Each structure stands twice: as C-alpha cells, then as structure tokens.
Amino acid sequence: MLFKNPCEPYAPPKSFVDAMDLLLLLHADHEQNASTSTVRIAGSSDANPFACVAAGIASLWGASHGGANEAVINMLVEIGTVENIPTFISKAKNKKDPFRLMGFGHRVYKNFDPRAIQMKKMCHTVLSQLPPENAEGLVNLLAIATALEETALKDPYFQQRKLFPNVDFYSGITLTAMGIPPEMFTVIFAVGRSAGWIAQWKESIDEPVRKIYRPRQLYTGLPMRVYQPMSERDERDTCESSDDPKHFTDAFVKQRSNSSSAVRRQSVSGEWDLFF
Numbered sequence: 050m051l052f053k054n055p056c057e058p059y060a061p062p063k064s065f066v067d068a069m070d071l072l073l074l075l076h077a078d079h080e081q082n083a084s085t086s087t088v089r090i091a092g093s094s095d096a097n098p099f100a101c102v103a104a105g106i107a108s109l110w111g112a113s114h115g116g117a118n119e120a121v122i123n124m125l126v127e128i129g130t131v132e133n134i135p136t137f138i139s140k141a142k143n144k145k146d147p148f149r150l151m152g153f154g155h156r157v158y159k160n161f162d163p164r165a166i167q168m169k170k171m172c173h174t175v176l177s178q179l180p181p182e183n184a185e186g187l188v189n190l191l192a193i194a195t196a197l198e199e200t201a202l203k204d205p206y207f208q209q210r211k212l213f214p215n216v217d218f219y220s221g222i223t224l225t226a227m228g229i230p231p232e233m234f235t236v237i238f239a240v241g242r243s244a245g246w247i248a249q250w251k252e253s254i255d256e257p258v259r260k261i262y263r264p265r266q267l268y269t270g271l272p273m274r275v276y277q278p279m280s281e282r283d284e285r286d287t288c289e290s291s292d293d294p295k296h297f298t299d300a301f302v303k304q305r306s307n308s309s310s311a312v313r314r315q316s317v318s319g320e321w322d323l324f325f
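Under the numbering used here, the letters of the sequence shown match residues 50 to 325, in that order.
Simulated from the structure, these hints should not be mistaken for laboratory data. Remember, it's a predicted structure, so these values are computed and weren't measured experimentally. Be a bit skeptical, because a hint or two may be false.
Unchecked claim - Once the Cα atoms are required to be at most 30 Å apart in a straight line, the calculated DSS-like pairs of lysine-lysine come out as:
1) Lys142 / Lys211
2) Lys203 / Lys145
3) Lys159 / Lys170
4) Lys144 / Lys211
Stated by the list, open to error - Now the in silico label distances, taken between C-beta atoms and shown as ranges:
5) Val240 / Asp283: 49 to 57 Å
6) Arg210 / His173: 24 to 32 Å
7) Lys144 / Ser177: 37 to 45 Å
8) Tyr276 / Gln167: 38 to 46 Å
9) Ser177 / Glu256: 47 to 55 Å
10) Cys56 / Lys203: 49 to 57 Å
Glycine is no exception: its CB is placed at the ideal position from the N, C-alpha and C atoms.
Generate coordinates for the entire structure from the input sequences, incorporating the hints supplied.
Shown next, in the form of structure tokens:
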C-alpha cells in the first residue's frame with residue numbers, strides 16, 4: 050500500500066510486513082495517555098468520532114508524545130558519531146542546557162518499557178535484511194543509538210531517575226529503514242492507535258450517565274493582580290524590551306502592590322479567589 054507501483058507487481062519484504070505488524074501492535078491504545086484522554090474529552094462534548102480522532106492526532110503530534118520517534122532520529126543525526134555521545138550525555142544532565150535525550154523515560158514504565166525490547170530486536174532484523182547500499186547510514190544511526198543506550202544505562206544520573214529507552218527509541222530507525230519519511234512517523238503511530246481511540250469513544254458514549262469533561266484547575270500564580278487602564282500605565286512597562294519575562298511581572302506587581310481596586314477572598318482550601 051505504501052510503496053506499490055500500480056504499473057508493476059510489488060511484494061513487500063517479509064521483514065517489512067512483520068515490522069509493520071509489530072509497530073501497529075506496540076503503538077496500540079495504551080492507557081489514558083495524552084492523545085487517548087484528548088479523544089475522550091472531545092467525545093464528552095458529543096463530537097462525532099471523526100472530530101474526536103482528529104483531536105487525538107493533534108495531541109499525538111507533539112514531540113513528547115507521538116512525535117518522539119521523529120525527535121529521536123533528529124537527535125541521533127545531531128550526535129553524529131559514537132565518539133560524541135559523552136558530550137551529549139553531559140548536555141542532557143545539565144539543567145541549563147536545552148538539549149534533551151529523546152526516547153528515554155516513560156510515565157508508567159519506571160523500570161523498562163517492554164515494548165522497547167521488542168522494537169530493538171525488530172530494528173536489528175530489518176536492518177540486517179536491507180541491501181548494503183541502503184543500510185549504511187542507518188547502521189551508523191543504530192550504532193549510535195545502541196552505544197547511547199549502553200552509556201545511559203550505566204550512568205547513575207539516568208539510573209536514579211529511571212530513564213530507560215522507551216518504544217520510540219528504536220521505532221524511528223525501523224520506520225526509516227522501511228522507507229517511511231520522518232514526517233510520516235506520527236501517521237503510522239495514529240493508525241496503530243486509532244482502533245483503541247474509537248473503542249474509547251464508543252465506551253464513553255455508551256455510559257449510562259454522560260457528562261462533559263471538566264478538569265479542575267488550581268491557580269498557583271500571583272496572589273493579586275490588578276487591572277490598570279492603558280492610559281495610566283508607565284510606558285516603560287509596556288515598551289521596554291527584556292529577555293526575561295519575569296521583568297514584566299516584577300514591574301507589574303511593584304507598581305500595583307498597594308492598590309486596593311481588587312477584592313480578595315480566601316477560600317476554604319486556602320487559595321485566593323480574585324474579584325474585580
């Protein structure tokens with residue numbers, strides 16, 4: 050379906066068929082993750098299944114969710130060689146460095162993602178059956194990924210935080226080996242997850258008592274904020290440039306700390322409700 054030329058017979062390699070079967074299985078609906086929860090929330094508003102699945106796909110697209118395997122490929126390309134791994138491990142442990150190790154850690158699996166074990170085996174199988182001219186660059190990426198995994202698993206920093214490879218770590222290399230471009234990775238993920246999404250949607254609309262989802266929010270920001278008309282504001286507060294967003298907050302609070310145009314009421318929970 051993906052690569053067939055309508056003018057020529059096409060039989061996909063068995064390793065590709067097995068890999069796709071495994072990919073769809075391992076990426077199936079998996080507890081109340083972000084995308085599945087999004088589908089249920091959308092469904093609670095009586096949205097049709099097409100809209101709900103579209104909402105799930107939008108949530109799945111993010112680099113911290115279904116887009117993680119694409120981010121892993123980009124990271125491995127950035128690392129470039131096995132010799133560069135110590136440098137990037139140090140960057141990952143530096144809280145001031147924006148670099149993150151993609152494909153590590155999971156909200157549920159705190160020891161090891163069992164899906165990652167199966168995905169790693171399949172990745173090796175697919176690459177071993179590729180023609181040498183197609184496998185050269187991917188073999189290098191796999192070598193970097195394997196060395197990165199081994200280095201991270203021996204590092205106390207990752208051991209203490211239980212950061213182990215997840216299903217996304219090797220799936221990107223496998224998909225690339227099959228000829229699927231990175232921008233299509235999330236599409237494959239969504240195909241594997243869509244049956245579960247529809248089941249979740251169906252389950253939610255069949256509930257005897259249906260209510261629209263309304264997550265609760267606990268405000269933890271500034272205890273008091275006062276609106277000041279534009280005509281009364283200091284021009285420096287609105288026009289002065291600063292790299293630190295806190296600059297604007299500090300200036301705002303400082304100028305209005307003595308104002309009494311807002312009324313505060315402390316709730317039973319101890320939080321402040323604001324009335325203007």
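Comparing the hints with the structure gives:
Restraint check for Lys142 and Lys211: satisfied, since their Cα atoms lie roughly 14 Å apart, inside the 30 Å limit. As the CA atoms of Lys203 and Lys145 are separated by approximately 23 Å, the hinted pair is consistent with the 30 Å bound. Our distance criterion of 30 Å between C-alpha atoms is met by Lys159 and Lys170, whose separation comes to about 21 Å. Only pairs whose Cα atoms come within 30 Å are accepted, and Lys144 paired with Lys211 is accepted, the gap being roughly 17 Å.
Our hint of 49 to 57 Å for Val240 and Asp283 holds, since their Cβ atoms are close to 55 Å apart. Remark: the range hint 24 to 32 Å for Arg210 to His173 is upheld by a beta-carbon distance near 27 Å. Taking 37 to 45 Å as the suggested C-beta distance range, the pair Lys144 and Ser177 conforms, at roughly 39 Å. For the pair Tyr276 and Gln167, the supplied restraint of 38 to 46 Å is violated, since their beta-carbon distance comes to about 56 Å.
The hinted window of 47 to 55 Å between Ser177 and Glu256 holds, with their beta carbons roughly 48 Å apart. Taking the beta carbon of each, Cys56 and Lys203 are about 52 Å apart, inside 49 to 57 Å as hinted.
In terms of the numbered hints stated before, the structure departs from hint 8 and from no other.
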